[in-house]
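**Q** Starting from the known structure of chain X, fit chains U and L onto it as the hints suggest.
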Amino acid sequence: MNIPDNLYYSKDHEWLLIEADNGTVGITAHAAEQLGDITFVELPEIGAKIGQGDELAVVESIKAASDIFAPAGGTVKEINTELDNAPEKINSDPYGEGWICKISAVDEAELNELMTAEQYAAFLEEKD
Amino acid sequence: MKLIYEKSVPGRRGVQLPDCSVPPHKARIPSSLRREKSAVLPEVSELDVVRHYTNLSRKNFSIDTNFYPLGSCTMKYNPKVCESVAKNEGFSRLHPLLPQLRNGGILTQGALKVLYNSERFFAEITGMAEMTLQPMAGAHGELTGVMLIAAYHKSKGNNKKRILIPDSAHGTNPASATIAGYSVTTIPSNKDGVMDFEAFKKELTDDVAGVMLTAPNTLGLFNSHVTEICKLVHEIDGLVYYDGANLNALVGRVRPGDLGFDVVHLNLHKTFATPHGGGGPGAGAVGVIDKLRKFLPVSRIEKRDDGTYALNYNAEDSIGYISAFYGNFGIILRAYAYLLMIGADGLREVSDHAVLSANYIRVKLKEFYDLPYDRICMHECVFSASRQMKNGIHALDIAKGLIDLGFHPPTIYFPLIVKEAMMIEPTETESKAELDAFIEAMKKIAQEASDNPEELHNAPISTPVGRLDEVAAVREMNLSAN
Amino acid sequence: MSRASYVPFVESERQELLKEIGVNSIDELFSDVPREFQVKSLNIPKGKSEIEVERRIKALSRQNRTDLICFLGGGFYDHYTPAAIDAILSRGEFLTAYTPYQPEVAQGTLQAAFEFQSGICRLTEMEVANASLYDGGTAIYEAAMMAARVTRRNKILVDCGVNPIYRKMLESYTSNLDMQFECVSTNGGTVNREKFLKKLDNSVAGIVIQNPNFFGCIDDLTDIIDAAHNVGALAVMSVYPISLGILKTPGAMGADIVVGEGQSLGLPLSFGGPYVGFMATRKKYVRKMPGRIVGITRDDQNRKGFVLTLQAREQHIRREKATSNICSNENLCALASAIYLSLMGKEGLKEVAELCADNASYAYYKLLEIPNVSRAFKSTFFNEFCIKLPCDAKDIIGELIDKGFAAGFPVGRYYEGMENVALISVTEMRTKEEIDNLAAALESVIRDW
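Protein chains in written order, with the numbering used here: chain X, 1 to 128; chain U, 1 to 482; chain L, 1 to 449.
It should be emphasised that the hints constitute simulated quantities derived from the structure, not laboratory data. Quick caveat, the model's predicted, so the values are computed rather than measured. Quick reminder that beta carbons are idealized off the backbone N, C-alpha and C, glycines included. Honestly, I wouldn't trust all of these hints.
List of simulated lysine to aspartate or glutamate pairs, EDC-like, C-alpha gap at most 16 Å [as the list claims (entries may be wrong)]:
| # | chain 1 | residue 1 | chain 2 | residue 2 |
| --- | --- | --- | --- | --- |
| 1 | L | K19 | U | D436 |
| 2 | X | K49 | X | E78 |
| 3 | L | K321 | X | E55 |
| 4 | L | K58 | U | E83 |
| 5 | L | K46 | U | E124 |
| 6 | U | K432 | L | E54 |
| 7 | L | K283 | X | D84 |
| 8 | U | K2 | U | E43 |
| 9 | L | K350 | U | E43 |
| 10 | L | K350 | U | E36 |
| 11 | U | K154 | U | D317 |
| 12 | U | K364 | L | E16 |
| 13 | L | K40 | U | E124 |
| 14 | U | K154 | U | D207 |
| 15 | L | K304 | U | E476 |
| 16 | L | K283 | U | E476 |
| 17 | L | K284 | X | E42 |
| 18 | X | K63 | X | E19 |
| 19 | L | K304 | U | D469 |
| 20 | U | K161 | U | D206 |
| 21 | L | K284 | U | E476 |
| 22 | U | K80 | L | D86 |
| 23 | U | K80 | L | E52 |
| 24 | L | K168 | U | D317 |
| 25 | L | K40 | U | D345 |
| 26 | U | K432 | L | E20 |
To give an idea of the chain L side of the interface with chain X (calculated C-beta under 10 Å), a few residues [to be verified]:
| # | residue |
| --- | --- |
| 27 | K283 |
| 28 | R287 |
| 29 | T309 |
| 30 | L310 |
| 31 | Q311 |
| 32 | A312 |
| 33 | R313 |
| 34 | I317 |
| 35 | K321 |
| 36 | A322 |
One chain only, chain X, in its complex shape (with noise of 0.2 Å):
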């Protein structure tokens, strides 16, 4: 399974990657093949101000639909609309392309909340 060191995760399978102060958002390698085939990303609106764990996206599959929860508090400055067109780039890509959205102004303490690749990792075989 693929899990990028340099990304932060969290337990409902959400990666945050933080430049300075933003983080981007997407679900793992793990959530994507687990949804399967996504045919559907609720984004969230540009602007709206989200607290860590708030409901921020749903993804949807034909057999589920999954909420997406904020990895960490912020608020939303970018979204991801490649998405409307082409969901299924979370399947193929979920750590690029599959990307759901951007946060600004994340506070650096909440990070401690998350996991790290590693963590995930163990997490996951855990959960197994």
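**A** Same frame as chain X, but now just chains U and L:
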């Protein structure tokens, strides 16, 4: 097969209408209020239509043509006499507003009597004080039931916000509770397949308005804690809701009211043998205990001292109107005919044989499929395809394989708490020969799953279409004729 | 063994099954249920034979006055249902099939539902329709909730010309929710523009309007729909599908969600149900729409097929976050409507609508010739109209029952101050003779009052 629209020939007609019998009129509807172009409906003959839809019907499995062991759906035989009596013109041509004309109740005594008697029958069967027949489906009954629970708490000034629902419940339970204004707390099942009693007790705090239970549950198991659960909920002035989806296991033998339930819904299209119609119309009667009577929706049917029936629209505490009139009357009439046919003794035979047949399938197949909860079941049993998964065969493949052998598949992937679930409900109306044929088919598939799994992946091959690309359906969203 | 429980087991088979299961009696299978909760008997009559049941139900049916000549409408109409509908609906393959969750063995049901959706889209000039809802009333409620979901607002303005029973349903369903309803009274039988414009602001999720409205009046509602759009609200329009054979469509007026009662499309009156609700909308809102939707796709051999689609909106997947709790719908009734639209076809539906309008227009002027009968509104109507009587309409309609007519509906039942107004509907089923007879009967009742 082509769409009926693609069979259209400009100028062809299906129905001949009478000539206009009235003289030319003074005021025509002005063109500003008229549509610009005619609706592009098919231009076909009556035979075109009859042949089109008859041929379409032949692409369906149905109870009349195939065994349909669909768990939690109670696909029993739908007696033909119930259909024919519902077509009586004295009912089919009856206008629902007629009772509202002066002395109107008198104009519809037959229909009101059917409703009144049906209410009495269902109240007796469920052990409830009073019924409403207005809900138009099971989920509609659930919503009505939760609205009744809300009305009760409102009247008592109770500030309750949550409904507890086990994780094995049908999706309609949490959906209905939510749109009735409650938040839902999901209670996990324990290793025996029933709601975890300890987890339940932990969540049962003062802010709980009620609990929604399916009995037997979606694993076909009867929760032996059920009466205790009712008692505990009542202690905090909560109410217990009985989802009647599985009443076929208990009908004629056990009454939810006696167990301590406060609100009950029935699916007349399951337990009471009205046809499913490919997804509806159904009917969802709701019963309540005495203290909830006054909240029932308007109108109420009453029997007067002189033996006539009347509608009462004055119900101060009522939750109001949940149906425009009296519910799906035509369906209620069919269920009424069914009840007249089978009577009390027949009802008990229903549950007896529904349970007998399910257990027969359970013991005959457990050698071939994993049975996560290996104990006596009620009207349905749940297997898992986990053993076949080792060869790459999933519940879906088994379902599709059954189709090629002439059987409708069981319910699969539900309940969610069983991996690769296959939920089998034979009902009481299938003969031993039919059950045996199904058992043989399941064995054959188990064999094939180990000998020749690739073949199963290609199933079904005997149907008009093979497995369809559901992902493409969502992405392309081709939802109406161009 | 009773005669008719439809259980096919004989005693020896029953014993065989018990033996295989390894129990001695059926009672043992119920051992999880405490003994004290198992009833000995029920107070329900003994089972009867088919002959007796038929006889009894026939006798009950005779206690219903379906012999009255029907001028009663109010949203539910005495239209003709071609014989072919019942012939097709009686086929067990349609009648006794389940919800098409296994598409390979349900292509008949699925294609028919797709054709229903298509018919509704073409009739209303909308982009997408669902496979049915329970009825016209619940469809309005679902549409109001959908408008709130789309706009994330919670105020709904409802025109008082919307069927009063449906307005009551709307109120009941939302009484525990954070939703706000305001009824806007009509003016001269149609939408009160001034009042609507005053109430429209950016807190409004949607407006609910009906055409023809409960009084039978018809209108071009484009301006009011535009006004709703200007504040970001959605326009929900309830329609009478037969009228769309000739009337300006909700799509052409700009409506966002179109709903209605489909009873007029080939379903018997049947004392209030089963009927069929329909809902159509614009493609961009389809994911917010409740109910089942059928779509086209292909199998692995590239053969065209139909499936239930966009199911992630629905309760069996989304549970408490579903767009609605609806599961069973009114599929067989939707099938009846699809067959009706096919039989009537492009010209037939127009002709039915014209016949209704012509008959109603004749009846209107005929009744207005009666002394002391006057028009209630000036507005144009389709097949239903209001007239003002010299005394309580309830009493006059009551008298007309004795003369063999269900002459109309007393509007005062739902509208205060309109006690003298009768709502009279005329369909293609009524003849000139019946209309003339109604006029004569009404004239004599009023004369003798």
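**Q** If a hint holds in the structure, say so; if it doesn't, say that too.
**A** Comparing the hints with the structure gives:
With a C-alpha separation of about 15 Å, the suggested pair L:K19 and U:D436 falls inside the 16 Å cut-off, and the hint holds. Distance check on the hinted pair: X:K49 and X:E78 sit about 12 Å apart at the alpha-carbon level, within 16 Å; holds. Restraint check for L:K321 and X:E55: the C-alpha separation of about 12 Å stays at or below 16 Å, so the hint holds. Between L:K58 and U:E83 the alpha-carbon distance is near 13 Å, which keeps this suggested pair within the 16 Å criterion.
Our distance criterion of 16 Å between C-alpha atoms is met by L:K46 and U:E124, whose separation comes to about 14 Å. Proximity of U:K432 to L:E54 is assessed by CA-CA distance (about 30 Å); at most 16 Å being required, the pair is judged violated. Taken as a hint, the L:K283 and X:D84 pair is honoured in the structure, with Cα atoms around 14 Å apart against an allowance of 16 Å. For the proposed pair U:K2 and U:E43, the alpha carbon gap of about 14 Å is at most 16 Å, so the pair holds.
At roughly 12 Å between alpha-carbon atoms, L:K350 and U:E43 fall within 16 Å of each other, so this suggested pair holds. Annotation: proposed proximity of L:K350 to U:E36 holds, straight-line Cα distance about 12 Å (limit 16 Å). Between the alpha carbons of U:K154 and U:D317 the distance comes to roughly 10 Å, so the proposed pair stays at or under 16 Å and holds. The hinted pair formed by U:K364 and L:E16 meets the criterion: a straight-line CA distance of about 12 Å does not exceed 16 Å.
The hinted pair formed by L:K40 and U:E124 meets the criterion: a straight-line CA distance of about 13 Å does not exceed 16 Å. Restraint check for U:K154 and U:D207: satisfied, since their Cα atoms lie roughly 13 Å apart, inside the 16 Å limit. In summary, the hint linking L:K304 to U:E476 is supported, as the alpha carbons are separated by about 13 Å, within the 16 Å threshold. With a C-alpha separation of about 12 Å, the suggested pairing of L:K283 with U:E476 holds against the 16 Å cut-off.
For the suggested pair L:K284 and X:E42, the alpha carbons sit about 13 Å apart, so the restraint of at most 16 Å is met. Proposed proximity of X:K63 and X:E19 is contradicted: the alpha carbons are some 35 Å apart, above 16 Å. Between L:K304 and U:D469 the alpha-carbon distance is near 10 Å, which keeps this suggested pair within the 16 Å criterion. For the suggested pair U:K161 and U:D206, the alpha carbons sit about 9 Å apart, so the restraint of at most 16 Å is met.
As the CA atoms of L:K284 and U:E476 are separated by approximately 13 Å, the hinted pair is consistent with the 16 Å bound. Note on U:K80 and L:D86: the hinted pairing holds, with a Cα-Cα distance of about 14 Å set against a maximum of 16 Å. About 15 Å separates the Cα atoms of U:K80 and L:E52, which keeps this hinted pair within 16 Å; it holds. As the CA atoms of L:K168 and U:D317 are separated by approximately 15 Å, the hinted pair is consistent with the 16 Å bound.
Between L:K40 and U:D345 the alpha-carbon distance is near 10 Å, which keeps this suggested pair within the 16 Å criterion. For the hint pairing U:K432 with L:E20, the CA-to-CA distance comes to about 12 Å; that is within 16 Å, so the pair holds. The beta carbon of L:K283 is not positioned within 10 Å of any beta carbon in chain X (closest approach about 13 Å), and the interface hint is therefore violated. The restraint placing L:R287 at the interface with chain X holds, with a minimum CB-CB distance near 7 Å, inside the 10 Å limit.
For the restraint placing L:T309 at the interface with chain X, the shortest Cβ-Cβ distance is roughly 9 Å, inside the 10 Å limit, so the hint holds. The interface hint given for L:L310 holds, since its Cβ lies 8 Å from the closest Cβ of chain X, which is under the 10 Å cut-off. For L:Q311, the interface hint holds, since its Cβ comes within 10 Å of a Cβ in chain X; the closest pair sits about 7 Å apart. Taking 10 Å as the C-beta contact cut-off toward chain X, the hint placing L:A312 at the interface holds, the least distance being around 4 Å.
Taking 10 Å as the C-beta cut-off, the interface hint given for L:R313 holds, the closest approach to chain X being about 8 Å. Hint status for L:I317: holds, given a least beta-carbon distance of 6 Å to chain X, under 10 Å. Checking L:K321 against chain X: minimum C-beta separation of about 7 Å stays under 10 Å; hint holds. Checking L:A322 against chain X: minimum C-beta separation of about 9 Å stays under 10 Å; hint holds.
Consistency note: the structure conflicts with the earlier hints numbered 6, 18, 27.
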